[in-house]
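Given the coordinates of chain A, work out where chain B should sit on it, guided by the hints.
Going down the list, the sequences are from chains A and B.
So the mapping is simple: the working numbering equals the position in the first sequence, first residue as 1, plus 1.
So the mapping is simple: the working numbering equals the position in the second sequence, first residue as 1, plus 48.
It is worth saying that the hints were derived from the structure and are not from the lab.
Built from N, CA and C at the ideal position, the CB exists for glycine as well.
A hint or two may mislead.
[Stated by the list, open to error] Heads up, simulated DMTMM-like pairs for lysine to aspartate or glutamate below, C-alpha to C-alpha not over 20 Å straight-line: (1) Lys98/B x Glu139/B; (2) Lys9/A x Glu113/B; (3) Lys48/A x Glu116/B; (4) Lys42/A x Glu71/B; (5) Lys161/B x Asp86/B; (6) Lys48/A x Glu113/B; (7) Lys8/A x Asp106/B; (8) Lys20/A x Glu139/B; (9) Lys48/A x Glu71/B; (10) Lys9/A x Asp130/B; (11) Lys9/A x Glu119/B; (12) Lys9/A x Asp106/B; (13) Lys8/A x Glu30/A; (14) Lys9/A x Glu125/B; (15) Lys20/A x Asp138/B; (16) Lys20/A x Glu136/B; (17) Lys48/A x Asp106/B; (18) Lys9/A x Glu116/B; (19) Lys9/A x Asp138/B; (20) Lys8/A x Glu113/B; (21) Lys162/B x Glu87/B; (22) Lys8/A x Glu116/B.
[Unchecked claim] Which bits of chain A does chain B cover? Going by a derived footprint, with three or more residues having C-beta under 8 Å, they are: (23) 12-18; (24) 23-32.
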Amino acid sequence: MENNTHKKMVLRYAQLTAKEEKTSEEEKELALIEDQLHLAKETILRKATELGLAQIKR
Amino acid sequence: MFHEFDDNAVFSQLEESGYGNLEPAISPLELQKLCEGDEILEQLRLSVIKYVHRYAHDVYSMMIEQIELSEKREKGEDTQEDAEAIHETDERRHNLHNALIDSINALSRELVKKEKDAEWMRELQQGGRPAYAKFALLTFYKLHVTMK
Chain A
2 MENNTHKKMV LRYAQLTAKE EKTSEEEKEL ALIEDQLHLA KETILRKATE LGLAQIKR
Chain B
49 MFHEFDDNAV FSQLEESGYG NLEPAISPLE LQKLCEGDEI LEQLRLSVIK YVHRYAHDVY
109 SMMIEQIELS EKREKGEDTQ EDAEAIHETD ERRHNLHNAL IDSINALSRE LVKKEKDAEW
169 MRELQQGGRP AYAKFALLTF YKLHVTMK
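The following block holds chain A by itself, in its conformation from the complex:
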């Protein structure tokens, strides 16, 4: 998968997870991203956290 596409999916997953209230469509999107990335929630959020920390430092 293209690097930016992969990164955007990871970030989108974290962005949606951070929403205080999610629509049913957003819940479905979260599940879809897990399927597309073939990764568990913890792994996706860990990657997002690493990206976020690196970005903040920049």
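The following block gives chain B in isolation, referenced to the frame of chain A:
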């Protein structure tokens, strides 16, 4: 963008350790236990959790916008509106960062007042704004991978 973090060493250690175990200064569970049974502390803790989520949301939103802007630039398709939109997102993130810091400091003051452990605040106070940002992202991560 994110200029307040320039030349700050807070994240160097994390990078050098490969981000280590991604532990915040205090775990969400430990913080919850510290505040249990005290209505004011519990309200302040919930306020911290609220701002942790809002801050994380805006950091990740901004990163997505940055990637999309970069892709548009590569194709020569970026517009002034795109630049303005990302500037607005960054301003909102900056304001949320201030609110996050205020909420954490308010909780810390109340913990001290109630003679409870606030030693974990030392890392944040010494590290300044970047340390609060790091705390927020790590707390967000821990909340969603260890607490249901």
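field: Index of numbered hints that the structure contradicts, given in increasing order
entry: 24
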